[in-house]
Amino acid sequence: MYNSKNEAHKTRHKSMKKIILSMLALVVVAGGGWVGYQHFTGPQKIQAVKMVALGDSLTQGVGDPTAKQGYTGRIKKDLTNKTGVAVSMTNYGKSGDRSDQILKRLQDSPTQQKNLKKANVILMTVGGNDLMKTIKANIFISQPTQLTNQVKKSTSSYENNLQKLLKEVRKYNSQAPIFLFGNYNPLYVYFANFKSFNQSVSEYNTINKQLISQYNGYYVPTFKQLTYGQYQTASARNKLVKDAKLANAGTAGNANVVSTLTKNDTERNMYISSADHFHPNSKGYDMMTDLLMKQMLKHDQWLYAK
488 MYNSKNEAHK TRHKSMKKII LSMLALVVVA GGGWVGYQHF TGPQKIQAVK MVALGDSLTQ
548 GVGDPTAKQG YTGRIKKDLT NKTGVAVSMT NYGKSGDRSD QILKRLQDSP TQQKNLKKAN
608 VILMTVGGND LMKTIKANIF ISQPTQLTNQ VKKSTSSYEN NLQKLLKEVR KYNSQAPIFL
668 FGNYNPLYVY FANFKSFNQS VSEYNTINKQ LISQYNGYYV PTFKQLTYGQ YQTASARNKL
728 VKDAKLANAG TAGNANVVST LTKNDTERNM YISSADHFHP NSKGYDMMTD LLMKQMLKHD
788 QWLYAK
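With the numbering used here, the residue at position 128 of the sequence shown is 615, and numbering never jumps.
No wet-lab data here; the hints were simulated from the structure.
Just so you know, even glycine gets a beta-carbon here, dropped at the ideal spot from N, CA and C.
Just so you know, not all the hints are guaranteed correct.
To be verified - Simulated restraints, written as ranges between beta carbons of each label pair:
no.	residue 1	residue 2	range
1	S761	K623	21 to 31 Å
2	T720	A573	34 to 44 Å
3	K623	A762	16 to 26 Å
Unchecked claim - Listed next, the in silico DSSO-like pairs over lysine-lysine satisfying Cα-Cα at most 27 Å (straight line):
no.	residue 1	residue 2
4	K620	K696
5	K581	K623
6	K651	K537
7	K654	K601
8	K564	K604
9	K564	K770
10	K732	K711
11	K781	K564
12	K564	K711
13	K729	K711
14	K532	K785
15	K785	K569
16	K726	K770
17	K601	K532
18	K658	K604
19	K785	K537
20	K785	K555
21	K605	K564
22	K623	K639
23	K726	K711
24	K696	K581
25	K785	K770
26	K640	K711
27	K682	K620
28	K640	K651
29	K651	K605
30	K605	K537
31	K639	K696
32	K569	K770
33	K785	K658
Generate coordinates for the entire structure from the input sequences, incorporating the hints supplied.
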């Protein structure tokens, strides 16, 4: 009698154990399935990224002694290596173009319009030649403060042109993020004692930064790195100021600026080309690419399927 009851108890115990183990197994399987489902339905990278670059000589890659096409060729290669996604690049940069000329080329080119519509990412450089136009128009001004005043007067026209350009870009592609570079002062290392040059560039950069935020875009700053070059510390820049005061005899008139740009000597800024003392060299375009990459990975919605 006792043995019979004991055997029955053991049988019930084994049955309960099997039920519990089965339930645990079910939970594990379901849990694994849920994890797999979450993984499967999570953000998926797109297979290919189409990039279109619009702009001036910086987009064209002027000053780059390599065959990397400035920042455009570099970012294409670096993004492919970083993300594992195939990246294509269509470059519409043209040396010397101002904001209004970049706009006109876009308006007149069905090919540009077609490629913009297909773009996942849009890259832009603009403003440098607009600023240079103002400087050249006031070539006989001897005092930097007078030049600064003329630059301020020109900002409304530039802002209007950039607004039109960004609207035109969005007309063909309302979704792709735009990454717009800021500009830099290539002459700083020669005229470090004249703050008005930096102020003039900053006037235009402020417009770039403010407007691009209104068009689902992101500002890529280059001023600090490319303007100051290897002179990133305050002590290094203070020495530049002292040297500039002696070298320029107290003036930074346009005659001195033109003379500096046409000198056939080694550039003092490690990121600027010795060929024209204006455009980035290979290291300069490397820096632009690094700064662009940082912003693109920070705002990486372009990388994932919707």
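For each hint, the structure was consulted:
no.	hint	result
1	S761 x K623: 21 to 31 Å	holds (22 Å)
2	T720 x A573: 34 to 44 Å	holds (41 Å)
3	K623 x A762: 16 to 26 Å	holds (20 Å)
4	K620 x K696	holds (21 Å)
5	K581 x K623	holds (19 Å)
6	K651 x K537	holds (24 Å)
7	K654 x K601	holds (16 Å)
8	K564 x K604	holds (22 Å)
9	K564 x K770	holds (16 Å)
10	K732 x K711	holds (21 Å)
11	K781 x K564	holds (15 Å)
12	K564 x K711	holds (25 Å)
13	K729 x K711	holds (20 Å)
14	K532 x K785	holds (15 Å)
15	K785 x K569	holds (13 Å)
16	K726 x K770	holds (23 Å)
17	K601 x K532	holds (24 Å)
18	K658 x K604	holds (9 Å)
19	K785 x K537	holds (18 Å)
20	K785 x K555	holds (24 Å)
21	K605 x K564	holds (20 Å)
22	K623 x K639	holds (15 Å)
23	K726 x K711	holds (17 Å)
24	K696 x K581	holds (22 Å)
25	K785 x K770	holds (23 Å)
26	K640 x K711	holds (25 Å)
27	K682 x K620	holds (20 Å)
28	K640 x K651	holds (19 Å)
29	K651 x K605	holds (21 Å)
30	K605 x K537	holds (7 Å)
31	K639 x K696	holds (16 Å)
32	K569 x K770	holds (20 Å)
33	K785 x K658	holds (25 Å)
Violated hints for the displayed structure: none, as all numbered hints are satisfied.
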